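Undergrad: Heads up: the protein sequence lines correspond to chains E and D, in order. Residue numbers for the first sequence follow our numbering, so the first one is 455 and each next one is one higher. Residue numbers for the second sequence follow our numbering, so the first one is 19 and each next one is one higher.
In case anyone wonders, no lab produced these hints; they're calculated from the structure. Please read these numbers as outputs of a predicted model, since none were measured by experiment. Please note that the accuracy of each hint is not assured.
As the list claims (entries may be wrong) - With a Cα cut of at most 25 Å, we get these calculated SDA-like pairs of lysine to any residue:
1. LYS531/E to LYS88/D
2. LYS523/E to THR559/E
3. LYS531/E to GLY551/E
4. LYS564/E to GLU124/D
5. LYS564/E to ASP508/E
6. LYS523/E to LYS564/E
7. LYS531/E to LYS564/E
8. LYS564/E to LYS75/D
9. LYS554/E to ASN44/D
10. LYS88/D to TYR553/E
11. LYS75/D to LYS476/E
12. LYS554/E to ASN466/E
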Amino acid sequence: AQSVAQPEDQVNVAEGNPLTVKCTYSVSGNPYLFWYVQYPNRGLQFLLKYITGDNLVKGSYGFEAEFNKSQTSFHLKKPSALVSDSALYFCAVRDGGTYKYIFGTGTRLKVLA
Amino acid sequence: DGGITQSPKYLFRKEGQNVTLSCEQNLNHDAMYWYRQDPGQGLRLIYYSQIVNDFQKGDIAEGYSVSREKKESFPLTVTSAQKNPTAFYLCASRGGSGTGELFFGEGSRLTVL
Chain E
455 AQSVAQPEDQ
465 VNVAEGNPLT
475 VKCTYSVSGN
485 PYLFWYVQYP
495 NRGLQFLLKY
505 ITGDNLVKGS
515 YGFEAEFNKS
525 QTSFHLKKPS
535 ALVSDSALYF
545 CAVRDGGTYK
555 YIFGTGTRLK
565 VLA
Chain D
19 DGGITQSPKY
29 LFRKEGQNVT
39 LSCEQNLNHD
49 AMYWYRQDPG
59 QGLRLIYYSQ
69 IVNDFQKGDI
79 AEGYSVSREK
89 KESFPLTVTS
99 AQKNPTAFYL
109 CASRGGSGTG
119 ELFFGEGSRL
129 TVL
């Protein structure tokens, strides 16, 4: 069965420092991977996706993610964190056979001024 | 503007009552999804539909029902059989190919009194 793991419940980083939010996945077949961000009491906003091609994917708001097939990881990164990046981040994988989208448990990012 | 509209945003219900959450999209998307979000558990899939007049159970369908009579609409009914219905409910849609990302509504928060 397809699954996604986000090993950190919370990540704290100082403003201006680089940030990484971790995600590992388990799929059969080609992985289709996604990152979303959620602000309090709001829906999820799409940041970026990996379908095929370059392992480094660039997305919205300066975020990028690195796909690593050998480590089955898809970590979200940003070179310089902003206080406004503080939010809940979700990694997701699409089940190739059923079109289900399976989400991780989320990682709360806190950027400290 | 194109998007997904969920209503109501907040809903209170007494135990034993059924309640229907509305989800409407004007993105011309074929696929629609319902997720439930609880703190620390991420998003869990309730039902999804790839096309009009067809839908499939997700991972936590018990106590819920849906219909898909129109492409634009995918209402979710939370029945009295759902043991713990208090949660944040998110509707999403997906267009184009199966590798596309989900677009989310702003969510409906249901509280059972």
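Undergrad: Can you confirm whether the C-alpha distance between LYS531/E and LYS564/E stays at or below 25 Å?
TA: Distance of about 14 Å is within 25 Å: holds.
Undergrad: Hinted pair, alpha-carbon criterion (25 Å max): LYS523/E, THR559/E. Please report holds or violated.
TA: Since the Cα atoms of LYS523/E and THR559/E sit roughly 21 Å apart, the hinted pair holds (cutoff 25 Å).
Undergrad: Hey, LYS564/E versus LYS75/D, does the alpha-carbon distance stay inside 25 Å?
TA: Answer violated: LYS564/E to LYS75/D is near 35 Å, above 25 Å.
Undergrad: Does the alpha-carbon distance linking LYS531/E and LYS88/D stay inside the 25 Å limit?
TA: violated (40 Å)
Undergrad: Tell me if the straight-line CA distance from LYS564/E to ASP508/E falls inside 25 Å.
TA: violated (29 Å)
Undergrad: Measure nothing beyond the straight line between the CA atoms of LYS531/E and GLY551/E; if it is 25 Å or shorter, mark the hint as holding.
TA: violated (29 Å)
Undergrad: Need the status of pair LYS523/E, LYS564/E: alpha-carbon distance at most 25 Å?
TA: Not satisfied, since the Cα-Cα distance of roughly 28 Å exceeds 25 Å.
Undergrad: Does the structure keep LYS554/E and ASN44/D at a Cα separation of 25 Å or less?
TA: Holds, at roughly 21 Å.
Undergrad: Take the C-alpha atoms of LYS88/D and TYR553/E, compute the straight-line distance between them, and say whether it is at most 25 Å.
TA: holds (20 Å)
Undergrad: Tell me if the straight-line CA distance from LYS554/E to ASN466/E falls inside 25 Å.
TA: violated (31 Å)
Undergrad: Check the hint pairing LYS564/E with GLU124/D against an upper bound of 25 Å on the C-alpha distance.
TA: Since the Cα atoms of LYS564/E and GLU124/D sit roughly 22 Å apart, the hinted pair holds (cutoff 25 Å).
Undergrad: Take a quick look at whether LYS75/D and LYS476/E sit within 25 Å of each other, Cα to Cα.
TA: violated (29 Å)
Hints 1, 3, 5, 6, 8, 11, 12, counting from the list given before, are not met by this structure.
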